[in-house]
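Novice: Protein sequences appear in the order of chains A and B.
With the numbering used here applied, the first sequence corresponds to residues 95 to 220, in that order.
With the numbering used here applied, the second sequence corresponds to residues 229 to 446, in that order.
Among the clues, some could well be false.
[Claimed, not checked] Below, a list of computed lysine to any residue pairs in the SDA-like style, where the Cα atoms sit at most 25 Å apart: (1) K199/A with R365/B; (2) K199/A with S119/A; (3) K112/A with D410/B; (4) K112/A with R388/B; (5) K112/A with R365/B; (6) K207/A with D410/B; (7) K199/A with L159/A; (8) K112/A with H381/B; (9) K112/A with L329/B; (10) K207/A with A330/B; (11) K112/A with S414/B; (12) K112/A with P273/B; (13) K207/A with A282/B; (14) K207/A with A278/B; (15) K199/A with D172/A; (16) K112/A with E444/B; (17) K112/A with D430/B; (18) K112/A with T279/B; (19) K207/A with A409/B; (20) K199/A with L158/A; (21) K199/A with A282/B; (22) K207/A with T306/B; (23) K207/A with S414/B.
[As the list claims (entries may be wrong)] Output of the computed footprint for chain B on chain A, the stretches with three or more beta carbons under 8 Å from beta carbons of chain B: (24) 113-119; (25) 155-168; (26) 178-187.
[Said to hold, decoys possible] Only some residues are given here: those of chain A computed to face chain B with a beta carbon under 10 Å: (27) E192; (28) R194; (29) E197; (30) N210.
The set of hints was computed from the structure by calculation and includes no laboratory data.
Note that beta-carbon positions come from the ideal geometry of N, C-alpha and C, so glycine has one too.
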Amino acid sequence: MASVLVRGAIVSDPLADKVLVAPRSGRASGPRAGATDALTRRINADPEGVEQGLAQLVLTIVELLRQLMERQALHRIDAGGLDDAQIERLGTTLYLLEQRMQELKDAFGLEDKDLNLDLGPLGRLM
Amino acid sequence: MTVYVYGITDAPPPPVDDLAGVEGTGVRTLVQGELAAAFASLPGPEPPAATPDALMAHERVVEALMRQRAVLPTRFGTTLPGEDDLATVLERRSASLRDLLALVRGCVEVSVRVRWETAVDPPAAADTDGRRYLESRARELREVERAVDAVHHPLARHARASTRSTPTEGGVLSASYLVAADDVRSFAEQVRRLQDADASLDLSCTGPWPPYSFVEPS
Numbered sequence: 095m096a097s098v099l100v101r102g103a104i105v106s107d108p109l110a111d112k113v114l115v116a117p118r119s120g121r122a123s124g125p126r127a128g129a130t131d132a133l134t135r136r137i138n139a140d141p142e143g144v145e146q147g148l149a150q151l152v153l154t155i156v157e158l159l160r161q162l163m164e165r166q167a168l169h170r171i172d173a174g175g176l177d178d179a180q181i182e183r184l185g186t187t188l189y190l191l192e193q194r195m196q197e198l199k200d201a202f203g204l205e206d207k208d209l210n211l212d213l214g215p216l217g218r219l220m
Numbered sequence: 229m230t231v232y233v234y235g236i237t238d239a240p241p242p243p244v245d246d247l248a249g250v251e252g253t254g255v256r257t258l259v260q261g262e263l264a265a266a267f268a269s270l271p272g273p274e275p276p277a278a279t280p281d282a283l284m285a286h287e288r289v290v291e292a293l294m295r296q297r298a299v300l301p302t303r304f305g306t307t308l309p310g311e312d313d314l315a316t317v318l319e320r321r322s323a324s325l326r327d328l329l330a331l332v333r334g335c336v337e338v339s340v341r342v343r344w345e346t347a348v349d350p351p352a353a354a355d356t357d358g359r360r361y362l363e364s365r366a367r368e369l370r371e372v373e374r375a376v377d378a379v380h381h382p383l384a385r386h387a388r389a390s391t392r393s394t395p396t397e398g399g400v401l402s403a404s405y406l407v408a409a410d411d412v413r414s415f416a417e418q419v420r421r422l423q424d425a426d427a428s429l430d431l432s433c434t435g436p437w438p439p440y441s442f443v444e445p446s
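Starting from the given sequences, assemble the full structure and let the hints guide the process.
Specialist: Shown next as structure tokens:
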């Protein structure tokens, strides 16, 4: 296991020996992967960043509504309440909405995790 | 000057003199009422750059605190303008911070990521077919539900608290569990059992971590 010298004392590398169960594929990763969440989730209130902060807030709400609409559409299809033409139109609309969201996120330099919302017992939006 | 925060513990804080923090700074502590914070004073106004060395230094300090006390770890990059502001945060949020310390006391975070071995064709980029789009979304959501039923619910029964989200970098589910420090091995054993019981499941499990996912008041 890896060790490092810190101020004369040998301390163990906190990143070593963290894998409890290795995946069949790829590398394991822990909560550190989101280590910069605290920075990116904060709404930027600087004068220069206020536009982006506002975009983040608005797009988060739009994304929440988009996901709710999508789930509602899927429930209605499952329930058999829509004909083929309606399903096609709904699917196209939701697809285009998703594309447009992607364009807006790109335009404001935002990623999915920036639009996250903690919905308590429902988990997180993203 | 900037105050860079590592985490919050009960007062009195554990000794931190031997710890080395981000950017070669020492670790200091501040007591406010029944709470204490471990922090560094950085000379400039900027938080440290998110380099592997800095992330590791942050993690080392938080884990050193965790070995001695219940700790509410702050995410890498959390800064305040000055020590007064830090004291104010501890004072204003005293009740909820103490509740959170009670929640995580004696526990560590274990992280689990779920993938399904069965590859799903991603929808083609130029696919504007409405029905096909909805079908692929339905399939993705079903995979998440399967992962929640097969992995998250059984594991959550062995944890004091749990939280889950859709990972942004592959996989269908990523979840964190607040597990008693003494139960980490048996929790990992549960994960391995789930993995072994279903050849289509691809699980990874890491820990023990400081309880990063359980420090937000609910």
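Novice: What are the numbers of the hints that this structure violates, sorted from low to high?
Specialist: 2, 5, 6, 10, 12, 15, 19, 21, 23, 28, 29
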